[in-house]
Every structure is written in structure tokens, then in C-alpha cells.
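Student: Chain residues, written in single-letter form:
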Amino acid sequence: MTPLFLAHGSAEFWSDQTVNGLTTGSIYALVALGYTMVYGILQLINFAHGEVFMVGAFAGYGVLVALGGEDISGVMVLVAIILALAAAGAASAVTAATIERVAYRPLRNAPRLAPLISAIGVSIFLSHLVDDGFLDGKSKFYPQIFPTGDLSAGPLSISYLQLFLIGSSLVMMAGLYWVVQRTRTGKAIRAVSESRENAALMGIDVDRMIVATFVLGAIMAGFGGVLYGLFLSSIRGSMGFLPGVKAFTAAVLGGIGSIPGAVVGGFFLGLTESVGRELLNEIPGVNLPNEWKDVVAFALLVVVLIFRPTGIFRQRETKRA
Amino acid sequence: MALLDLSGLVAGYGGITAIKGISLEVDPGEVVTLIGSNGAGKSTTLRAISGLIRPRAGRITFAGKAISGMKPHDIVSLGISQVPEGRGIFSRLTVAENLALGAFQRHDGEVHADLDRTFRLFPRLKERENQLGGTLSGGEQQMLAIGRALMARPKLLLLDEPSMGLSPVLVETIFATIAEIRREGATILLVEQNAAMALEIADRAYVIESGVITLQGTGAALAQDDSVRRAYLGEV
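Here the protein sequences come in this chain order: G and Z. Residue numbers are given in the numbering used here: position 200 of the first sequence equals residue 200, and the series is strictly consecutive. Position in the second sequence (from 1) plus 1000 gives the number in the numbering used here.
You may find that some hints are simply not true.
To be verified - Computed beta-carbon distance windows for the label pairs: (1) 82(G) <-> 1110(Z): 35 to 43 Å; (2) 133(G) <-> 1064(Z): 41 to 49 Å; (3) 163(G) <-> 1065(Z): 57 to 65 Å; (4) 260(G) <-> 1108(Z): 44 to 52 Å; (5) 1129(Z) <-> 82(G): 49 to 57 Å; (6) 106(G) <-> 1039(Z): 29 to 37 Å; (7) 108(G) <-> 1010(Z): 20 to 28 Å; (8) 1054(Z) <-> 75(G): 41 to 49 Å; (9) 71(G) <-> 1109(Z): 48 to 56 Å; (10) 178(G) <-> 1218(Z): 33 to 41 Å; (11) 1164(Z) <-> 133(G): 35 to 43 Å; (12) 208(G) <-> 1010(Z): 49 to 57 Å; (13) 1039(Z) <-> 178(G): 43 to 51 Å; (14) 82(G) <-> 1015(Z): 29 to 37 Å.
These are computed hints drawn from the structure, not numbers from a lab. The beta-carbon is built from N, C-alpha and C at its ideal position, and this holds for glycine as well.
Just chain Z, same shape as in the assembly (with noise of 0.2 Å):
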């Protein structure tokens, strides 16, 4: 059974609909991506799917339970994380107040075994522990995101456009990141513009246009669809 699954979902804002009737799947353990151009729908997905909006129509199922309509703090509770477009950062609240809200939901008692772990993962989170979020570089901004979002433990963690106004050095340490985070059995749902990228972590991937998906396959076997190539890859 699809840990996430989507079927016939419709979503906006206003008087426009951004996304027309979305089904897709995500099942345990795998890597899926959402590519597409800007204004495509691909953050409205996921907005739709952390309760950021509520769909007008279709179904979202997340672990066998339907979950359209509640609240973005019960489906965090659910196991479901986003990083979200432009990082979210608490500009005011430090690296360390920051992590600490991404555990906000659990009382266990691993929670600073996780700490620890992140800053593993991202060394110069621990360096700039006690720093403002606000201080931080755009790349270091994107590690604490990722960080934060994993201190929830999440079941399946959702990226949106993680590569976003980083250089192409920082792209590829973020990426590096996502594959290490696979490695370590993590669900992960990637919306990206960076197709490239994308589809050579993913295990399938999705394309959306105008809000419709109009091709769907493994990673690598997008990758050498020719319209793919034309319209995502940058090859005439």
C-alpha cells in the first residue's frame, strides 16, 4: 500500500485553480519527484497535502487515512514534514530554538539524540548553534530546514525546491544531503525546477504542467525522454 496517495485533487487559491485533478503516489522507502515549471502547481500539491490549503476536491490518503481537510499541526502529528518553499526560517529564534521546534511535537526521549545526529549531518549547524536564524547564509538556511524537518522524525518528508537561489557548489551539498537521508530509509516526496538534479535521486518521478500531470516514470527513464529533455533539461 502507497504510504502517500493522491487521487483526483484539486486545489487553489481564489479565483484560480492551480492544480486540476492530481493523482500520485509515494510508497515507503522511496525517493518520488514532482517536476515542472514555475506556476505549475507543484507547492500547491504540497501545501495541499500539509493542510497549508484545503482542496476543493479529490482525496489525499497518507498511511491508509484520509487526511484532506485536518489541520497542518494534526498531519504533522501523522508523520508528515515539509520543508517549505523559501526555507521557513525563524529569522528571530535561534539554530538551536529552531531545531528544537522541529521535535515540537515530541515528548520521547531521543530527542537530543537526533540533535546530535543533525548536527552530524550539518556540521556548521553546531558551529552556529546559538547564532539567529536570520544570520545564517542561504545554504546554511536550506541545512537547517532539512534539519529541522527531520527532528520531527517524519514518515515521509516533503521538499519544496530545495536547490532554490543556492549556487551549483551549495545545490550539490544539499542534494548529497537528500541522498544521505535516503540512505537512511527516509520517504521522500521532491518538488523541484531543478530537474536534472531531481531525477537523478529519484526512484520516480512526476511531471506536472498547468497543473496536470502529463508524464509519469521511473528517474532515469525521464531522464531520457526527449520532451523531458527539451522542456526540463535545458537540450534543444
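Here chain G stands alone, though its shape is the one from the complex (with noise of 0.2 Å):
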């Protein structure tokens, strides 16, 4: 986090203000994965993503609490940290499987508007549901067990859970590109987002692969879930709106149905927020404080939808036969 009496300008500020980018850039990207896969194979906004990416932050909690919260101490910490990464990104999984098997795959066949609708009802019902059917509007607070301390070299700075979160999301993005490209799942799953028929043809279970790409977006999302609490501590019901809106965006910015692309766009995001804001602040007259990043941060969706309506990394259309 910035503090707040380094000097504007300095290279302390710029190289924290791009730590910071990337701390969020890489939660955004973990999110917007599941976005990107999903509007790949059904060309579907899965708007209840936030909400997936919420149930996971709770697991992880849940978690965390269970094996002693603040208590837990020394190489502990770590066991902790990885059960809470696994609870979370099965109970995001299990829940995506749900809001499909639920909400989705009875409308597979209903015009475009009716799963939209249907996805945002689900997104409302599960913030509602966690933030007044089981937490009466208050918030949970992460256990604060991470080592705290920065690592440092000359004007560089970065503090050991900022390095953790970024090491640990491209990681994970390694695995899941790993997975989408060299196993038989992944084949599958490129397949089926090209034509449900022709890879009918081949043997493969379509509503299977529609699941599977569920399910590997929704364990993005809840590792994504317990890095943001870990980072920010709060988390309630509604926390998903917002990271999920953004996430949303990164892979729109990114091209939506492009993984690469989703990675991308969720960096650069992170860092718009952070080092574009102040990086627009440095033209006189112009002051844009913290709040404003999310000012920033659509107006940049509506630039580059401008000129780039594609997103980055654009997506190849598929011949439809």
C-alpha cells in the first residue's frame, strides 16, 4: 500500500505505485479468466463470477479460522494458507457447477437476453444471501497472519504479501494455461468454444466441457477470492460486484474469449488504477486522488472500446459451418 508521505514523483512513489498496479492487476486477472473462458464456449456474461469469486473468499476464511486464525504462526502459515487456497477453489467450483447446472444450461437454447438475466438474479441472490441470510450486513475480517516486511533494493520495494499474491496468481495462470493447452480436458475445451457440433462429432461430451471450463474459471476466482482477502482483509457478500465488474472489464480490454488476453488486460488495468491515475496527475491541474481509480479505470474501458472494440489480444472469429 502507498504510504502517504512519499514524496509524488519520487522513484519510491512511481516503483510503489506500480507494485500496487500489479497486487491488483493480478487479482483482476485471476478473475477475469473465468469471464474470458466462459464468454468463449457459450458466448455468456457470467455476471454471478463476482459471486464465485466471494464464495471463495469465505471458504478460504472459513479455513483459516478453523485452523486458529491470528494463532497460526511460523511454517503453519503457509500449510494454512495453501488449504485455504484449496477450500476456496473447490467452493467456487462447486458453486459455478451449480449456477450452470441451475441457472444456465436450462436456457442453453433460450434467446441471448434470458441466461443474462438469469445470471444477474444469481449474482443478486448470492450476495444477498451471504450478506443478510448469514452475516446481518456486517463484514468478516481476514486473520492478518502473514509475515509482514518488505524486500527491497535501491528505490524498489515490495512487501512479502505483495510478492506472494503476484508470485503466486502467475502460478496459477501458468497452471491454467497449462491445462487449457497440453491436457485432453484442454483440447476438449478449445474445441467445444470453436463448435459444439463438430466436437460433438468427435466423441466429446459437450456439457461436460461447458462445466469443466466452469469449473477451472470458478478455481481461478477462488484462489482470487483469498488473495483479495488476504490483501484487504474486509470481505462481505457484496464484495464481489466491484472486482468482478473490473475483472469483467480487464478481459473485455484484454479481447473476451482470449486467455493471454484476460491475463493482460488485468495487469494493465492494476496499473492503469494506480500508475495512470497518478501518471494523469501529473498534468497541471489535474488531481485525481485514490477514489478516482475507478473513474479511470472505465473511461479507459471506453477509450479503448473506441479504438479497439476487439480488446487487445483479438480473438479470431470461428467459421461457423
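Hints in hand, dock the two standalone chains.
Tutor: Written out as C-alpha cells, the structure reads:
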């Protein structure tokens, strides 16, 4: 986090802004992957994906609290976080698979607007279920167990937590890329994304691959939920909304349907909110405080869409037989 | 017993009934062709067999088992592979990945040997192994589509207009390949507008018009039939 006393314009200042941008960007990227993959296979914007992220955050929270909360220390911190990530991935996966089965599959052949409305309905349902049904409007707080401290070299400085966030999300994204590119399921998912009919003629169970796509995207979102909790501490039922919309924005910026696009779009959006906003502040007369980061982010979306409607990584149009 | 047996098959899309009570059979080791003009119901017949559309009436039996209404991937696992109209290449997947998907349901140890066999049949595919499917020419895509279907080791191969959109030279090549596959003992149901080539290669043939079978016989007999010659072989 940027300490307020850093001189604006110093090397330390820009280095901090960059690290902050990469940190939030890594969470956006993890969540954006689910949007882009589901869009790629169903041409559906899964508006409930932000809530899949939220469920992951709560599953991770539950594991950390069960293992002792603030009392977790030493090597157990690492074990606890790995278990929290695993639980989050599993809980998000089950949630997403259930949403697909209940809210989307029955509408597979309905007009495009129907599953979209269904998605928005699921999103509102889940966030209110958690906030009003379980938490009575209050937030929960992630135990602060991650070792504090910074790694610095010259003007560069990064906290252990930020390093962990950026590093672990890159590892997870590499893992996803490997699954999609190299495994039998990954190939089948890509085939279904191009043509459901032709994939079925290969002997691929199309419904299963659609579920697999939701599950893979959900695992990434669940991981993102835990990282978000570790970084920002406060979690609640409606926490998925803004990161969800931002991650969707990142997916569109990158080129919806493209996996590398979602990653690049996520980091690009994170950096725009921090470094980009401060760069604008360099213009005489401009003063955009941190609260304006959302304005900057969505203004960027509009500008990019005007000049490059297909996003950074244009997804080749699939020929439909 | 016939390997594939259609009886009284009715199918269509929305308000349109494209095939109106078709009966045909394919015996093991046979090459059977279904010829007819554009819109006669040829592709609909194949799509019903492979489960892409659900028949409204009638029966489809494969190797003694009723398959109408089954899911396409379950029909593939019984041993039917279709080369779809327009080839159905996955353009963002490499040639090697397309071929691997052809063997999606196989877990035996001979997939690799079959890949080598496919590359012997189509040396061009070997050269283009790591290229994206979408970068291939029309003829190469057709070779890939046939090679991919063979990777499933089907008991029955359904070919939907393999000559469509190809130059005469390439059509010759594709038909020579079909002849070779046939010599290896495959059972084929071939749907074609190119009646001359289809009748030449087929043991038996059916003529379909407006969703109804109007003629049937051996390939040689139909090639001599006056009405077929007038309607499909461009003779007056």
C-alpha cells in the first residue's frame, strides 16, 4: 500500500504505484480468466462470477479461522494458506458448476437475454444471501497472519504479501494455461469453444466440457478471493460486485474469449488505476485522488473500446459451418 | 445383418420436415452412397444418424442397437464417425491437435500407430503437423477431416460432401483416398452431389429427392439409369 508521506514523483513513489498496480492487477487477472473462458465457450457473460469469487474468499476465511485464525504462525502460515486456497478453489468450483446446471443449462437454447438476466439474478441472490442471510450486514475480517516486511533494492520495495500475491497468481495462471493447452480436457474445451456440434462429432461430451470450463474459471476466481482477503482483509457478501465488474472490464480490454488477453487486461487495468492515474496527475491542474481509480478504469474501457472494439488480443472469428 | 439400418426415418428443423420416411441400409464392408441435389435431405439424414438432430419418427439401428435419440458422443463411442459438411476443422487448433481429438474416446495403445498411418495416407498433414487448422487449404482441410475421423477407428464412416468446394484435381485425390480406405475394409456411407464420382466408387446407391428415396440399386446400375443420367450426371 502506498504510504501517504512518499514524495509524489520520487522513484520510490512510482515503484510503489507499480507494485500496487501489479498486485490488484493479479487479482483482476485471476477473476477475468473465468469471464473470458465462459464467454469463449458459451458467448455468455457470467455475471454471477463475482459471487463465485466471493464464495472462494469465504471458504478460505473459514479454513483460516478453523486452523486458529490470528494464532497461526511459523510454517503453519504457509500450510494454512495452501489449505485455504484449496478449499476456496473447491467451493468456488462447486458453486459455479451448480449455477451452470441450475441457472444456465436450462436456458442454453433460449434467446441470449434470458441467461443474462438469469446470471444477474444469481449474482444478486448470492450476494444478498451471504450478507443478509448469514452475516446480518456485517463484514468478516481475514486473520492477518502473513509475515510483514518488505523486500527492497534501491528505490524498489515490495512487501512479502504483495510478492506472494503476484508470484502465486502467476503460477496459478501458468497452471491454467498448461491445462488448456496441453491436456485432453483442455483440447476438448477449445474444440467446444469453436463449435459445439463438431466437438460432439469427435465424441466429446459437450455438457461436461462446459462444466469443466466453469470449474476451471471458478478455481482461479476462488484463489483470487483468498488473495483478496489476505490483502484487503475485509470480506462480505457484496464484495464480488466491483472486482467482478473490473475483471470483466479487464477481460474485454484484453479481448474477451482470449486467455492471454484476460491476463494482460487484468494487469493493464491494475496498473492504469495506480500508475495511469498518477501519470494523469502529472498534468498541471489535474488531481485525481485514489478514490477516482474506478473512474479512470472505466474511462479507459470506453476509450479502448472506441479505438479497438475487439480488445488488445483480437480473438479470431470462428467459422461456423 | 445390416450394420446400419434406417427405417421410416423422419427428421427436420423447426417447421421444416427435411426427410420424410427414409429407409436404407449399409452392410459391413460396403460403400453406400446417397446422392441428390442441394436441399434434398442428404445432410439431414447424416445428422440424424450421428445424433446432431433427433428424429421425429422412424428407427435407426446400428450393429443391432437402436440409437435414435442418443447423444452424439455416445453414438461416436459405438463406432460411428462423421466427416461433417464443410469439414468442421477446428481452426484455432493445430493439425496434430485436430487429429488427437479424432481419437478422443480411445484409450488403447495404438493411437500413435494410427497417427503414423494417417500421416502415411496424407503426407501433407505430416508437413503441416504444427500449423493451425485454419491455415490449411480447402483440400488439406478435407484430408484432415477424413484423417481425423479415421483416428476414431470407426466401424462406420459417414462422409458429408467430401468433394464440396474442391478443384477437380483435389476431388480426384479425395476419392482416391476414399477408395484406399475402402480397400482397407472400412464401411462407408457417402453423401454427395457429385454423383458421377460417388456412383463410380459405391457398391450400392440411393437417390434422394425432396426428402424421399426415389431410386436405389448398385452404383453401376444407377450410373446407367436414364433418369439419374439426366438429373445428376449432366446428360440430356
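Student: Compare the structure with each hint and give your call.
Tutor: Status of the hints after comparison with the structure:
1. 82(G) <-> 1110(Z): 35 to 43 Å: 41 Å, holds
2. 133(G) <-> 1064(Z): 41 to 49 Å: Since residue 133(G) and residue 1064(Z) have Cβ atoms about 55 Å apart, the given range 41 to 49 Å is violated.
3. 163(G) <-> 1065(Z): 57 to 65 Å: This hint holds: roughly 59 Å between Cβ atoms.
4. 260(G) <-> 1108(Z): 44 to 52 Å: At 35 Å between Cβs, range violated.
5. 1129(Z) <-> 82(G): 49 to 57 Å: Hint violated: Cβ distance 39 Å, outside 49 to 57 Å.
6. 106(G) <-> 1039(Z): 29 to 37 Å: Given range 29 to 37 Å: holds, Cβ gap about 33 Å.
7. 108(G) <-> 1010(Z): 20 to 28 Å: Check passed, 25 Å falls within 20 to 28 Å.
8. 1054(Z) <-> 75(G): 41 to 49 Å: Distance hint for residue 1054(Z), residue 75(G) is violated at roughly 58 Å.
9. 71(G) <-> 1109(Z): 48 to 56 Å: 53 Å, holds
10. 178(G) <-> 1218(Z): 33 to 41 Å: 54 Å, violated
11. 1164(Z) <-> 133(G): 35 to 43 Å: Cβ of residue 1164(Z) to Cβ of residue 133(G): about 58 Å, so the range 35 to 43 Å is violated.
12. 208(G) <-> 1010(Z): 49 to 57 Å: 30 Å, violated
13. 1039(Z) <-> 178(G): 43 to 51 Å: Once the Cβ atoms are compared, 46 Å apart, the range 43 to 51 Å for residue 178(G) and residue 1039(Z) holds.
14. 82(G) <-> 1015(Z): 29 to 37 Å: With a Cβ separation near 57 Å, residue 82(G) and residue 1015(Z) fall outside 29 to 37 Å, so the hint is violated.
Hint compliance for this structure: hints 2, 4, 5, 8, 10, 11, 12, 14 are not met, and every other hint is.
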